[in-house]
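**Student:** Single-letter residue listing:
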Amino acid sequence: MPSNMRLRSIFLAPAVFVMIALFVVPLLITLAYSFLTRGPYGGVFTPWTFENYQRALDPLYLVILWRSVWLAAVSTLFCLILAFPVALYIARAERNKALLLNLVMLPFWTSFLIRTYAWMFLLRDTGLVNVALEGLHVIHAPIPLLFNDGAVVLGLVYGFLPFMVLPLYATLEKLDPALLDAACDLGATPWVALWRVIVPLSKPGIAAGCVLVFIPCLGAYLTPDLMGGGKTVMLGNLVQSQFTTARDWPFGAAISLLLMLIVLVVARALEKQSEKLL
Amino acid sequence: MNRRIFLMGVAGATLGCTSNADRRINIYNWENYIAASTLPDFEREFHCRVRYATYGSAEEMLAKVMSGNSGWDVVFPSNSFVEPMRQLGLLAPLDHRRLTNLDNLDPLFRTPEWDPSLSFSVPYMHSATGIVYSQSVSRPPLSWADLWADSYSRRVTMLDDPAEVFAACLKRLPASINSGNDRELERARDLAIRQKPLLRAYLNEEVRDQVVAGDVLAAQMWAQVAQVAIDNAPNLAFAFPSEGFAVYADNCSILRESKHQDLAYEFLNYLLRPAVAAAIANEMRSATCNAAARELLPETQRQNAVLYPHSDVLARGEWFRPLPTAVQRLRDRYWTEIKSS
Amino acid sequence: MRRFLSVYAGAAYLFLYLPLAVLSAFSFNSSKIATWRGFTFDWYRSVFHNRALLEGTVNSLIIAFAATVASTVIGTLAGYALWKKRSPWLTNALYMSLLAPEIVTGVALLALFQWAFRFGHLRLGLHTVILAHISFSLVYVVIVILARLRTFDPALEEAASDLGANRWQVFRHVTIPLLLPAILAAALLCFTVSFDDYVITSLVAGVDSETLPMMIYAMARKGVSPEVNALSAMITVGLGVLILVASRLERS
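First to last, the protein sequences are chains S, C and D.
The letter at position 120 of the first sequence is residue 120 when you use the working numbering, and the numbering goes up by one with no holes.
The letter at position 100 of the second sequence is residue 1100 when you use the working numbering, and the numbering goes up by one with no holes.
The letter at position 121 of the third sequence is residue 2121 when you use the working numbering, and the numbering goes up by one with no holes.
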């Protein structure tokens, strides 16, 4: 029916316009930057060159890519484990669903930077956590809770929790509570019911949440710098530094584009096998 | 009758407001570089409104200003940025006849190496990079080499700034902090990689609280931040390393794109007033380049060895210089190698 | 199971609010450094006298609301259309907007705006920030909406159209009410992403459009800063009261 197509085109039009004007064009600008040469103090100038891409394929940067992917994957997994029961709890709450959801988001309306500082305060050697553990005689000397990979994962999980909770909630809310009851009636324990019934049905939400967490984790720079003590370089730090201290915008553009390309290709390949996401 | 008077009064008041708001000046500065009273006093005296924003790094400021259409009037580049900004055509040449208070500057800053005739910048505050440490350590770290010692058991931090870390390593070699020599930079990189397992973290001013609390025993730190830490924890001390160290100065400049050049000159002149500069230096614990202002400071501040080191100490200091592209690229690559080792 | 979920959720909320509790406690600290000195309300007083800070908060709220409304509307419509029939170009573009590191987007948008401004006497300002926020938050809306739509039973829509409704009526009276939780979730996500954005905003903001994150980053770069803590505590409590009141009103 022609009216179908027209409605669909009308619905798509604003999004297409926004993406073309405010994303595709800047992307083309970034592409152009990646083939230009850096100015001595930042900025870009001709001559055009492939050099930035050649530099990006150096093993040094591939190691950074691998480490970032690993840390992002671990963080996403922990985030999922932490967020799923919360989303389930909110979805099954009889009243106050919106309130509970808002309460999840509320902390994230204050600056991420100062919440990270608060974590640094809590986790350092003389911080509350160590002091409490020592006071309870669980440990005798402060354990290094900060400035290592574990702290980075904690920071990333904390920072992206709502991005996992919200899509999960959006899918779980739709599920009929009777499904769980039916499974239990048929003899399944709650755990089995959860694992074999609810989780498969909420796959779109899980996939959405994982993407919304994993990808920004790759680009995170503040958390590795502060929680990790600046001792590891993740992709986010690398790109950030190219546009700030290193003042090499073309190289930063090249790395970013390569990263985007790799992740896009892998994601599309995975999608072919499982649920489509977008 | 009353209503008409009221309406005229309102109209008059709004006119008054707009005439004030017409005179605007937009100032872009580092954080913590202005006293609470500086801007309100300026606004009152010159009947204008000040838009004041801050940045955390010179690169951030440069990125915004480079387009030539940023809207800012006065910026505060560090000494190694003045020449690059001048080359990019971003700075307005300064007319000394309009800067009547220029003589208040300390002789040390009248002909600085980055702008000998002060044609584009006016020195504002200066500082240096050294080591802040807790006096409880058995051997005070008086040289950069001491930060490589095992005795601190990972309670040492360095700045998360490639220029500063390289400066410390290069001084150990010894070499200039602005070195572009491949061999020297390679050795500096190796030194830094050797130090990394001994470090707690690479942190900037965020480490201040941890130094005060005693988590960190020694940290590479800027003198101004160190002084604030010392004020809060008297058991701390600051050392200017014996091998040499980096010194730097922030300067005020007027942007060529500025549409409020008159007010900008007034502001620069205003900052050069002894009373104003002294108020800022006192409140922010920063070291002013203004000799007349320094005279007005309380005795303890004036003779403070951390903020105003003695001239033979200062003789060991070296100014940062802008570096050619190839050297910057090499340093950046080495910095990435250090960080991911 | 219920009990386990409640306990787990409670622990998760504790985890979420722990840093907030810490910085609220320190907003009463009379020392500027993170070691307890004494109790004081001074920092709260100074926040109210800080005209620039209040302006920044207002700016942030305006930007977040405008961007959220625009993104949610555009994104919901687009999500629905994509559910009906795929569009590889749009989906790839949306994906990539999620992948792009913030600083790259920011620098590129800045370049775009500066180039566009040559054709008019425009400057960077609130409008450029809102546009930038729409561009990066759109993908969040689409992903959440699509995740919900995928669990949707198409039979509902078919039934409605069998009963004589046209496409638009089906969308408006059947689909949207069922999508409402997802739309609200998406709007919430959008608002959060926009309100605390720093990198992109700081690059495309004009002289007069400083936002709260920009000011907080400036004030807090040196470490825990009591004024910023006071402000954050006030925002949290203020918004918390707001949502409590809203939920009470909704129930009654």
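Mixed in with the good hints, there may be bad ones.
Claimed, not checked - In the DSS-like style, the derived pairs of lysine-lysine whose C-alpha atoms are separated by at most 30 Å in a straight line are:
| # | chain 1 | residue 1 | chain 2 | residue 2 |
| --- | --- | --- | --- | --- |
| 1 | D | K2084 | S | K203 |
| 2 | S | K203 | S | K97 |
| 3 | S | K203 | D | K2085 |
Hints are computed from structural coordinates only; laboratory data are not their basis.
Please read these numbers as outputs of a predicted model, since none were measured by experiment.
**Student:** Now look at each hint and say whether the structure bears it out.
**Tutor:** Tested hints:
1. D:K2084 <-> S:K203: At roughly 19 Å apart (the allowed maximum being 30 Å), K203 of chain S and K2084 of chain D satisfy the hint.
2. S:K203 <-> S:K97: Judged against 30 Å, a Cα distance of about 21 Å means the pair holds.
3. S:K203 <-> D:K2085: holds (20 Å)
Comparing the model with each numbered hint stated earlier shows that all of them hold.
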